[in-house]
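*Asks:* The chain contents come next:
2 protein chains.
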Amino acid sequence: MNEIKKILPEDAVSNSDDELASHADTYWNSHHPTSEQRAKYVVYPSTTEDVSKIMVLCREHKVPVVPMNGASSLEGHFIQTRQGLVIDLSRMNKIKQLNRDDLDVVVQAGVAWEDLQEFLEPHNLMFGPDPGPGAQIGGMVATSCSGTNAFRYGTMKENVVNLTVVLADGTVIKTKQRARKSSAGYNLTGLFIGSEGTLGVITEATLKLHVKPLKQTIAVVPFNSIYDATSAVKDILEHGIQLDAMELMDGKMMECVNASGETEKVWTEKPTLFFKIGGASDTIVKELVKSVKEITGKHESLKFEFAKSDDEKTELWSARKVALWSSINYGRKVLDEPAAQLWTTDYAVPISKLPSVISETVKDIEDTGLRCTTVAHAGDANVHHFIVYTPEQREVAKQVVERMVKRALAAEGTCTGEHGIGYGKRDYLLWEVGQDTVDLMRKIKMGMDYYRILNPDKIFQVDPREKTEDH
Amino acid sequence: MNEIKKILPEDAVSNSDDELASHADTYWNSHHPTSEQRAKYVVYPSTTEDVSKIMVLCREHKVPVVPMNGASSLEGHFIQTRQGLVIDLSRMNKIKQLNRDDLDVVVQAGVAWEDLQEFLEPHNLMFGPDPGPGAQIGGMVATSCSGTNAFRYGTMKENVVNLTVVLADGTVIKTKQRARKSSAGYNLTGLFIGSEGTLGVITEATLKLHVKPLKQTIAVVPFNSIYDATSAVKDILEHGIQLDAMELMDGKMMECVNASGETEKVWTEKPTLFFKIGGASDTIVKELVKSVKEITGKHESLKFEFAKSDDEKTELWSARKVALWSSINYGRKVLDEPAAQLWTTDYAVPISKLPSVISETVKDIEDTGLRCTTVAHAGDANVHHFIVYTPEQREVAKQVVERMVKRALAAEGTCTGEHGIGYGKRDYLLWEVGQDTVDLMRKIKMGMDYYRILNPDKIFQVDPREKTEDH
Numbered sequence: 001m002n003e004i005k006k007i008l009p010e011d012a013v014s015n016s017d018d019e020l021a022s023h024a025d026t027y028w029n030s031h032h033p034t035s036e037q038r039a040k041y042v043v044y045p046s047t048t049e050d051v052s053k054i055m056v057l058c059r060e061h062k063v064p065v066v067p068m069n070g071a072s073s074l075e076g077h078f079i080q081t082r083q084g085l086v087i088d089l090s091r092m093n094k095i096k097q098l099n100r101d102d103l104d105v106v107v108q109a110g111v112a113w114e115d116l117q118e119f120l121e122p123h124n125l126m127f128g129p130d131p132g133p134g135a136q137i138g139g140m141v142a143t144s145c146s147g148t149n150a151f152r153y154g155t156m157k158e159n160v161v162n163l164t165v166v167l168a169d170g171t172v173i174k175t176k177q178r179a180r181k182s183s184a185g186y187n188l189t190g191l192f193i194g195s196e197g198t199l200g201v202i203t204e205a206t207l208k209l210h211v212k213p214l215k216q217t218i219a220v221v222p223f224n225s226i227y228d229a230t231s232a233v234k235d236i237l238e239h240g241i242q243l244d245a246m247e248l249m250d251g252k253m254m255e256c257v258n259a260s261g262e263t264e265k266v267w268t269e270k271p272t273l274f275f276k277i278g279g280a281s282d283t284i285v286k287e288l289v290k291s292v293k294e295i296t297g298k299h300e301s302l303k304f305e306f307a308k309s310d311d312e313k314t315e316l317w318s319a320r321k322v323a324l325w326s327s328i329n330y331g332r333k334v335l336d337e338p339a340a341q342l343w344t345t346d347y348a349v350p351i352s353k354l355p356s357v358i359s360e361t362v363k364d365i366e367d368t369g370l371r372c373t374t375v376a377h378a379g380d381a382n383v384h385h386f387i388v389y390t391p392e393q394r395e396v397a398k399q400v401v402e403r404m405v406k407r408a409l410a411a412e413g414t415c416t417g418e419h420g421i422g423y424g425k426r427d428y429l430l431w432e433v434g435q436d437t438v439d440l441m442r443k444i445k446m447g448m449d450y451y452r453i454l455n456p457d458k459i460f461q462v463d464p465r466e467k468t469e470d471h
Numbered sequence: 001m002n003e004i005k006k007i008l009p010e011d012a013v014s015n016s017d018d019e020l021a022s023h024a025d026t027y028w029n030s031h032h033p034t035s036e037q038r039a040k041y042v043v044y045p046s047t048t049e050d051v052s053k054i055m056v057l058c059r060e061h062k063v064p065v066v067p068m069n070g071a072s073s074l075e076g077h078f079i080q081t082r083q084g085l086v087i088d089l090s091r092m093n094k095i096k097q098l099n100r101d102d103l104d105v106v107v108q109a110g111v112a113w114e115d116l117q118e119f120l121e122p123h124n125l126m127f128g129p130d131p132g133p134g135a136q137i138g139g140m141v142a143t144s145c146s147g148t149n150a151f152r153y154g155t156m157k158e159n160v161v162n163l164t165v166v167l168a169d170g171t172v173i174k175t176k177q178r179a180r181k182s183s184a185g186y187n188l189t190g191l192f193i194g195s196e197g198t199l200g201v202i203t204e205a206t207l208k209l210h211v212k213p214l215k216q217t218i219a220v221v222p223f224n225s226i227y228d229a230t231s232a233v234k235d236i237l238e239h240g241i242q243l244d245a246m247e248l249m250d251g252k253m254m255e256c257v258n259a260s261g262e263t264e265k266v267w268t269e270k271p272t273l274f275f276k277i278g279g280a281s282d283t284i285v286k287e288l289v290k291s292v293k294e295i296t297g298k299h300e301s302l303k304f305e306f307a308k309s310d311d312e313k314t315e316l317w318s319a320r321k322v323a324l325w326s327s328i329n330y331g332r333k334v335l336d337e338p339a340a341q342l343w344t345t346d347y348a349v350p351i352s353k354l355p356s357v358i359s360e361t362v363k364d365i366e367d368t369g370l371r372c373t374t375v376a377h378a379g380d381a382n383v384h385h386f387i388v389y390t391p392e393q394r395e396v397a398k399q400v401v402e403r404m405v406k407r408a409l410a411a412e413g414t415c416t417g418e419h420g421i422g423y424g425k426r427d428y429l430l431w432e433v434g435q436d437t438v439d440l441m442r443k444i445k446m447g448m449d450y451y452r453i454l455n456p457d458k459i460f461q462v463d464p465r466e467k468t469e470d471h
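Those protein sequence lines, which keep their order, are chains A and B. Heads up, the first sequence is in the UniProt record's numbering, so the first residue is 1 and it goes up one at a time. Heads up, the second sequence is in the UniProt record's numbering, so the first residue is 1 and it goes up one at a time.
Pulled out of the complex, with its shape left as it was, chain A reads as follows (with noise of 0.2 angstroms):
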């Protein structure tokens, strides 16, 4: 620390109490640490050199190190199993520069991705994928991650021209040039994506850009089954529409939205489908719209709602929006339980297993006696239930998910989506893809960073044989 203390200023190294704690957990977290579990350092690197300087100082000592941007993350991707050195990226917060013409912009790591919309909304462009709030652009793409728009615009993997990486050793690499298509060696870009800080630091991204729909509308159509719901959304799929997203909230969740008094409008409590639909003109948007409407008539949908004004659009949204916020309320407030805590669960599925998965796995919390809402990216078939659970509930709560990811496995599906494996998927990793595929990942990791110092028991342990718990 005495050497890393000459190499940063004095307010960009801290161990106090407070520090420590507030980046060792989130409320939101899924997965939370033993009190042991806990960084001696948090270091606030401002540059590239910073990160490097500090790597090769871990390396040598052999210093165990956590990257961490906006903390947003749901698996416990940050629990400190071997207590070192928080690399926090978060000072690293500039947008360098815009290349209009490209489409691109090259950010440093620790970039908000609501501050990059905004200043991106003047210049009619946008960043794709749209995860939860506060998540940064390192974190972002060490995860994975996606949201609403990944149905039109894809996930992180699509979305990321180049990547500085600080590597094990200090090294500093670019992984590409700035040409969006390349076949110029190992797609290193795609490797480091999902990574999940266990190969490298990221640094700086060069970041594809869209161009916003010049028109768009939304559409809310409530069905009375969730397999209509979904069979709708297959029927629009199979009919080759691009839509911009396409999103499904159960009737649990609808209730929820209601009764969290946190929109103006009273939705319908029946499993509804929300629609982005846009296009290069007000003709085009027409036609998309007509062409939902009937393929969704066809599947019983109850009624059919499109915004003609920039406030309908918003308004109805606007269920979509809360839907996060008025599950934690539905948990605290509503049934009076201040100490519930949710379960951000998520996986994916071939389109056509959808209605069965999610149906099954509903009724299968349900049975058990907690609650839950639903909400997927009906488009990429990637599920999301919110589970509220009491701490006395915390083991039927993990049985359930256990099940939940069982489910979808045997429907050739995905443990994780979006949310990546971190520490609380581990397991269910080895399950998906067998002990060939995880021990080849395990042999990329020795490769890159033969210490094992960069966030370590992450995807997978360190050591296989040692004991982990759940909390």
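Errors might be hidden in some of the hints.
Identical chains share a label here; the pair holds if one copy fits it or two copies do between them.
Only pairs whose alpha carbons sit at most 30 angstroms apart, straight line, appear in this in silico DSS-like list of lysine-lysine [stated by the list, open to error]: (1) Lys303 - Lys234; (2) Lys208 - Lys406; (3) Lys94 - Lys53; (4) Lys174 - Lys467; (5) Lys215 - Lys321; (6) Lys53 - Lys96; (7) Lys212 - Lys94; (8) Lys298 - Lys208.
What the hints contain is simulated information worked out from the structure, not anything from laboratory work.
Start from chain A and add chain B according to the hints.
*Replies:* Only chain B this time, still in chain A's reference frame:
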């Protein structure tokens, strides 16, 4: 070989001169082997298990292995620098399972993409990438290829759900299950895409499918200059107008097509944009055609033709279709040089640099006295110059290509947008990403193929001190 002969049927192992020769080189290759650079045996496995057994033996005896599919690669990807075994996967040509509802298909590595398209046609489905004729899925994955459809549907990187791969030691892994979206562990699928046979032998893939645009037309628009044409492309991108393809052919290329007599139509011999314009209804397509006409008009297009029938569509696209063949004919017949060779080059740049890099490169080539025609996937800013040269002009052509790559790199571009590094572009990869980034690729290779038996000397040399020659 005695052990391998026990595994495979008699007709699946060969060391005949003919077969060794046909697996050593093609006319198309820009880099040809020496007479020693030839395998000792060619083997034809039928299953993943066959490949696994072969690799176990090759690992044990440290035999270099070159996996091969359609042999349509261009950068000496299968030059046998260390004479060993060619694994020819073309007998693994089964389409195993179409999941119509999930828009994916499971295929073996030896399936040719044109056969796959034919199979999908009656289902109204298509596979996105459309590389050179004869390419097979395994090689397409390994090269990270694309083609004219990449502007709309992405490259191989965006079109593979999962891969079955035989590793250097014979271990068989599957990279993922069948959910389209996943952030479960390292993106191994993405790592094998573009790994050029150096990290594993791809034996099976699940591919994403697309619903064919319900309505589509072709528009052909000539301009006075490359500058005008590429400015129109930039302008269309900046308007966020989603088209299915946006291709450029230069004036020389159009001359060539006319000279070839391979199309019925006579073309304006000027830089010309070819558009595929598709959508879910006639109204949408009409609206898009209107926008394209307006924008190209602003950039002083010379005329605007679009197809009103299927026959007209075929006719208007025919020039793009015969581009490569007519360039070869031009060299061999029109120039009366039967020994003429074609150097098919490849680079990509950020779109804003497209006008200057294309124009300067064409001028440079013409200044040397060589002939060239130019075709670009303009929407992706990915350019090919077809350089015609006689054996005596090889060195001049090589220097022109080097200057072309340096120009693309100076524009923050890449030395290859879709053909890969292979044997021919290893130096350029170093120029492009630097020694540290290539060293990281080496580390990954070492972690996965310790004896470096998998397609050695591709992407980078096994032994960087070794001198290699270009042919």
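*Asks:* All hints are to be evaluated individually against the structure, with a verdict given for each.
*Replies:* Here is what the structure says about each hint:
Taking identical chains as interchangeable, the C-alpha atoms of Lys303 and Lys234 lie at most 30 angstroms apart only when both belong to the same chain, with a minimum of 19 angstroms there against 41 angstroms between chains. When the C-alpha separation of Lys208 and Lys406 is checked against a cutoff of 30 angstroms, the pair qualifies only between copies, where the shortest distance is 24 angstroms, while the shortest distance within a copy is 35 angstroms. In this assembly of identical chains, the alpha carbons of Lys94 and Lys53 lie at most 30 angstroms apart only when taken from the same copy (20 angstroms versus 53 angstroms across copies). For the homomeric pair Lys174 and Lys467, the shortest alpha-carbon distance between copies (27 angstroms) is at most 30 angstroms, but the shortest distance inside one copy (37 angstroms) is not.
Within a single copy, Lys215 and Lys321 get their C-alpha atoms as close as 20 angstroms, which meets the 30 angstroms cut-off; across copies the closest is 35 angstroms, which misses it. Proximity of Lys53 to Lys96 under the C-alpha cut-off of 30 angstroms is restricted to the intra-copy arrangement: shortest distance 22 angstroms within a copy versus 52 angstroms between copies. In this homomeric assembly, Lys212 and Lys94 come within 30 angstroms of each other (Cα to Cα) only inside a single copy, at 23 angstroms, whereas the closest approach across copies is 42 angstroms. Taking CA atoms no more than 30 angstroms apart as the test, Lys298 paired with Lys208 passes between copies only; the shortest distance there is 27 angstroms, against 37 angstroms inside one copy.
The structure fails none of the hints (numbered hints given earlier).
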